[in-house]
Amino acid sequence: MSAPAGRTGSGDGAGACARCVRRSWLLSMLSGALDCCARDRSRLIELLALADEELLQAVAGTRKAELQAQYARFRLGAPGGETRARMHEAGATGGVDAVAEIDVETDVETICRHRRGYPRALDGPAAPHMLEVAGGAERLAELASAPVVAVLGSRRASDYGIEMARDLARGLVASGVSVAASMSDGISAAAHAGALEAGAGSIAVMGGGLGVACPARRRPLYERVVDAGCAVSELPHDCAGRRWGKLASARIVVELASVAVVVEADETAEDLFAARLARARGGTVAALPGRVTSPLSRGAHALLMDGASLVRGPGDVLELLYRCGGVAPGGRSSTSASAPTPTPADASAGGEDPRRGLRRELRMTLERVGAGCDTPDKLTRAGVDAAEALLALSELELMGLLARGDGGRYLPRSPSN
Amino acid sequence: MLARAHTFTIDGLRTRHVTVEVDVRRGLPGFTIVGLADTAVREARERITAAILNSGYEFPARRITANLAPGDVRKAGPGLDLAIACAVLAASGQLPREELDRVALFGELALDGAVRPARGALAVAHAAQRAGMRALALAGGCAHEARLIDGLQVTVVEHLRSAVRVCSGGPGDALPESAGANSRERARAEEGGGLPGSDGLAEPDLGDVRGQEHAVRAIVIAAAGGHNALLSGPPGTGKTMLAQRIASILPPLSSAEAVEVTRIHSLTGERVDALATRRPFRAPHHSITAAGLVGGASRGSVGEVVLAHNGVLFLDELSEFSRATLEALRQPLEDGRVAIARASHSAVYPARFMLVAATNPCPCGYAGDGERCDCGEADMARHRRRLSGPLLDRIDVASVLRREASDDLRAPALTSPARAREQVLDARARQAARLAADGVAVNAHMDVRALQRHVRLDARGEEMLRAANRRGLLSARGEHRVLRVARTIADLDGSERVRARDLGAALALRPEPTFTGNRAA
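Sequence lines, in order, name chains A and B.
With the numbering used here applied, the first sequence covers 1 to 417.
With the numbering used here applied, the second sequence covers 1 to 521.
So that you can see chain A by itself, here it is in the shape it has in the complex (with noise of 0.2 Å):
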C-alpha cells in the first residue's frame, strides 16, 4: 500500500491520520456504487471489510482507473478529495483557507482507529477507520467509556413501541448507561429523545456526512442531541449517505453497544438486519415484547424464539449488561468517578417508584390500562364510573404515569421525574 505521508500512529486526543481520511473519501466515492451492491446487506458488511485496494477493485467497476489515480495522488488538503474537517486538520494550504474556516463553524471533530479516544468496541473488521464527531470527540470517550446499549426497531413503530423506547432510554441512561442508535425515523429518534428526558446524551449514528444527514423534521431532535451527547458519521461531512450509509451506521451502532434492544420490529430482513448483525458479531440481542397480533412485534418475538433474552424495562437490561460480564459495576465511573453505581433494582425508576403509594382507584385504573382496557370507553365498560374514570386518567397523565397514544388510547409509561 503506497500510503502518502501523513501523521500515523497515536497522536493525543482528536484528529485523524492520513490513511483514515483516505478511507473516508474513498467510501464518498464508493458511494454509488455500494449502493448497489447493499442490496444484498451481508455483502455491504464483506465489502465493508476489505482493504482499500481490495475494494476499489471490488465495486470500482469502470471508474476503477480513475479513482485508483486519485487514489494514489490523495493528499490531506489536495482539492480531490477535501471535507471540511479534513481541511481544519490538516491546516490550511493554499488557496483553502475559506474552507478551514468554514469548518471551525461547524464544530465538527474527526478522530480516527490510531487515536486515543476512539471507542475501543470499534475493533470489528468491518469497523469504521474514522468517525467524524458533532458535540465533541472527548465526549464521544466518555459516552464509549461507560457500558453502551443499542436501542434498534422499525422506523414504522406503534405508539407503543415508541413510548417504550423512551421509557428504556430513559432508565438506562439514569441509570449511568449510554445509549446508542441511529438517527431514523421511529423507536431510534424515540430512543434519543427518551435519553434526552433523562438530562444526559447518546450516540447517534448518522447514516451519512453530518452536514446533510439528518432530515428537516430532525433537525430539532439532532441539535439537541449534539448538545448532550453527539452525533457519529464515518462518512465525509457533505456525503449523502443513500440507503447503504444507513445500513452500514446499523453495523457501527451494534458495533459500539454491549447489549443490542429490539424494542419493536416486524419479521422483515430491514428491521432485523441490525440484531442480526449484533447476533453475528456475538454480541448479547434482547427483545421487548409486544401484542402477539401485532405484525409491528412479529420481529422481536422471533428474535425471543430464537433466544435472545427477554426484556420488560431498563432493570432488565441492567441486569444482562452485568450478567454478560461485559461490564464491571459501576458503569462510567472509570472516566467520571461521580457517575452514581447502577444497581438493577432502582433502575427502572431512578429512585423511588412514584407507583407506590397511588390511591386505590388510581393504581386500579393503571393496572387496568395496562391489561388493555385503555380508553374511556374500555374502561367505562369494565364497571369504572365515567367520570371517575376520566378524572383518575387525567391524574394519571399529570403524575407522568400515563401518556396518550395514538386513537385516543392511555399507555403506561414509567414517570420520568
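In short, the hints are calculated from the structure, not lab data.
Treat the hints with caution; some may be incorrect.
[What the hints assert, rightly or not] Each pair of labels, with its calculated beta carbon distance range:
id, chain 1, residue 1, chain 2, residue 2, range
1, A, R224, B, D379, 20 to 28 Å
2, A, P215, B, N469, 13 to 21 Å
3, A, R39, B, D379, 19 to 27 Å
4, B, D379, A, R219, 15 to 23 Å
5, B, D205, A, E361, 52 to 60 Å
6, B, S301, A, V292, 55 to 63 Å
7, A, R224, B, R466, 20 to 28 Å
8, B, D379, A, R120, 39 to 47 Å
9, B, N469, A, R39, 49 to 57 Å
10, B, E496, A, T268, 55 to 63 Å
[Stated by the list, open to error] From chain A, some residues computed to sit far from chain B (all C-beta separations above 12 Å):
id, residue
11, R39
12, A60
13, A69
14, D123
15, D185
16, A269
17, G283
18, R312
19, R355
20, R363
21, E367
22, R381
23, R404
24, G408
[Stated by the list, open to error] Residues of chain B placed beyond 12 Å of chain A at every Cβ, according to the derived structure:
id, residue
25, T49
26, A256
27, Q331
28, L333
29, I489
Glycine residues also receive a C-beta, built at the ideal position from the N, C-alpha and C atoms.
With the hints as your guide, set chain B onto chain A.
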C-alpha cells in the same frame, strides 16, 4: 307632478329605508332612475313601463325622473319595482298620493303587472315595522315571511292593480293557499316539534348512535357550553354521524336569536315559512373557498359562517380544507362576527357559531386502529401541520372515536336523546343565569375575568392544575379553555362548584398539542 313612495333595500344584513320620488313633467318623453341604483334597479324601467301599460294604466308620455333617496346608499335587487311603479302612477294622477306615505311597497313586477316575491321579505318587514309604516304590501309568495313580524299589517298584492286598490284604501288580496298550511306548520314548530317543511323525514337523533359513549359525552358537553369540538377517528366510526346530531340536542333559539337567524336565511333567498326554531347547522364541503366561508364573494353574498350564526358550523374532513380557508375562520371564532371589506362594499355580519370539526387521525385514516396505518412519520408530520396552529388552538373539546365491535353496534343506545337534550337545556339555563351580568350566554364565551369569578376550584383541582402546568401540558390559553369546559361539565351535573372530577374530565377532553399522539420528538 311629484309623488313619493316608500320601500326598502337590503345592504348586507342591514335594511335601508328608501324613499322613491317620482317627478313627471313636460319635456322629451323619457324615464330616468337616479340614486345609486344597481343593474337590477336600472332594468326596472323596462319592467315598470310594460307592467303599467299591460295593467291597463297609462304610462305618461312625458319626462319622468325617479330618484331613490338617500342618494348615497347603493340600491340593489328588483324589490323596488313596485314602489317605483306606484309612484309613477301617483305622479301621473292615476293613484291618490296620500296613502303612499303610509304603506311600504316591496316586490318585483312582471311584464303583465303581476307582483313577484323578492328576497328578504322578513328583513324588510322588520325594518318597516321599525320605520313606523302602517302597512307593508308585498307579493303573496313572501307574505307569510313578513307576517312573522308582529305589529305590522301585511297586505298581499298579487298584481299592480291590487296595489293601486290597496293604495286607494281598498282591501288586499287573499293569502295564497300554501300560507294556510304554513301557519299550521308554524304552530307545530312552536310546540317544539320537527323542523318546518321536513314532514315525514325523521330528524337525525342522538339515539341513532351506538356505542362511543365517550365521544357522545364530549358532544353533549360541547353542546351544553357552546364549545368548539373536534372529533377524530378512523373512517366509518361515526364522526360525521355524531356531529350531525349535535343540532338535535341544542336548545331552541330564543326569540331575538330566531329573528336574527331567520333574517339571515331570508337574505339568501331561501323560502322562509316560519321563524327559525332550530339552530342552523351548516356543513360546507371541504372544497369551499375562503370567500365562500366568510362571504363577500359578490356583493351581498353571505358566507357559511354567517349562515351558521347562533348554530353549528360543521367542517368534515378538516385536514382537507385549504389552509387559507381555515385561516379565515380565525376572526369569526374570536370575535363572533366577520367584517368583510371589498373594493365595492364593506359589511359586518354576525357569526357566532359553534365549530364542530371531524378529521382522520392521519392521511390514511387508520392511525391507532390496530396496525392498519401505513403512514410514515413524515406523512403524520404533514397531516399534523395542516391541523395544528391557530385553528386547533381554538378547539375546546376533542374526542377520539374508535372502531366499535359489531355487537356493540346492535346494542340499544346508551344515551337517551331526550335526557341529553334536557341536560343541555338545564346547563344552558344555569349558565345564562350566572353569566347574565357578563353579557354572554354560554361558558365558551366567558372572558378571563368572568372565568376567575365563576370558576373556583377545590384544593385537589388546584393541585391538578399546578401539576399540569409543571408538566408543561397546558399553555395559558389552554388552561382557560380547560377551565371553561370544566365549568360546563359541572353545570351539566348541576353543581355550582367546579370539582376535581369536572376538571379531570375537562383535562381528558383537551386537544393534544401534537394531536395524533406522542410521536417521538
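For each hint, the structure was consulted:
1. As the Cβ distance of R224 (chain A) to D379 (chain B) is approximately 23 Å, the hint placing it in 20 to 28 Å holds.
2. Range check, P215 (chain A) to N469 (chain B): about 33 Å between beta-carbon atoms, so the 13 to 21 Å window is missed.
3. Our hint of 19 to 27 Å for R39 (chain A) and D379 (chain B) holds, since their Cβ atoms are close to 26 Å apart.
4. Between D379 (chain B) and R219 (chain A) the beta carbons are some 18 Å apart, a value that agrees with the proposed interval 15 to 23 Å.
5. In this structure the supplied range 52 to 60 Å is violated for D205 (chain B) paired with E361 (chain A), their Cβ-Cβ distance being about 35 Å.
6. Range check, S301 (chain B) to V292 (chain A): about 59 Å between beta-carbon atoms, so the 55 to 63 Å window is met.
7. The given range of 20 to 28 Å is respected by R224 (chain A) and R466 (chain B), whose C-beta atoms sit roughly 27 Å from each other.
8. About 41 Å separates the C-beta atoms of D379 (chain B) and R120 (chain A), a value consistent with the hinted range of 39 to 47 Å.
9. Restraint check, N469 (chain B) to R39 (chain A): a C-beta distance of roughly 53 Å satisfies the suggested window 49 to 57 Å.
10. The hinted range of 55 to 63 Å is satisfied by E496 (chain B) and T268 (chain A), whose Cβ atoms lie roughly 59 Å apart.
11. No beta-carbon of chain B is positioned within 12 Å of the beta-carbon of R39 (chain A); the least distance is around 21 Å.
12. A60 (chain A), annotated as away from the interface, keeps every beta carbon of chain B farther than 12 Å; the closest lies near 34 Å.
13. Even its closest Cβ contact with chain B, about 41 Å, leaves A69 (chain A) beyond 12 Å, as expected for a residue assigned away from the interface.
14. With a closest Cβ-Cβ approach of about 31 Å to chain B, D123 (chain A) is found to remain outside the 12 Å limit, as its non-interface label requires.
15. Here D185 (chain A) does not stay apart from chain B, with its beta-carbon only about 4 Å from theirs, under the 12 Å limit.
16. With 12 Å as the threshold on Cβ separation, the claim that A269 (chain A) sits away from chain B holds: the shortest Cβ distance comes to roughly 18 Å.
17. Interface exclusion of G283 (chain A) from chain B stands, the closest Cβ pair being 25 Å apart, more than 12 Å.
18. Every Cβ of chain B is farther than 12 Å from the Cβ of R312 (chain A); the closest lies at roughly 20 Å, confirming the non-interface assignment.
19. No Cβ of chain B approaches the Cβ of R355 (chain A) within 12 Å, the least distance being about 16 Å, so the stated non-interface status holds.
20. No beta-carbon of chain B is positioned within 12 Å of the beta-carbon of R363 (chain A); the least distance is around 16 Å.
21. With a cut of 12 Å on Cβ distances, E367 (chain A) stays outside the contact zone with chain B, its closest approach being about 18 Å.
22. Not every C-beta of chain B lies more than 12 Å from that of R381 (chain A), the closest at about 8 Å, which undercuts listing it as non-interface.
23. Not every CB of chain B is more than 12 Å from the CB of R404 (chain A) (nearest about 6 Å), against its label as outside the interface.
24. Non-interface status of G408 (chain A) relative to chain B is broken: a Cβ of that chain comes within 12 Å, the nearest being about 3 Å off.
25. For T49 (chain B), the shortest C-beta to C-beta distance to chain A comes to about 68 Å, beyond the 12 Å cut-off, and the non-interface label holds.
26. Distance check on A256 (chain B): its Cβ is at least 35 Å (rounded) from any Cβ of chain A, clearing the 12 Å threshold; non-interface status holds.
27. For Q331 (chain B), the requirement that its beta carbon stay farther than 12 Å from each beta carbon of chain A is met, with the minimum near 31 Å.
28. Chain A leaves L333 (chain B) outside its interface by the beta-carbon criterion, the shortest separation being 24 Å against a cut-off of 12 Å.
29. The claim that I489 (chain B) lies off the interface is violated: its Cβ sits roughly 8 Å from the closest Cβ of chain A, which falls inside the 12 Å cut-off.
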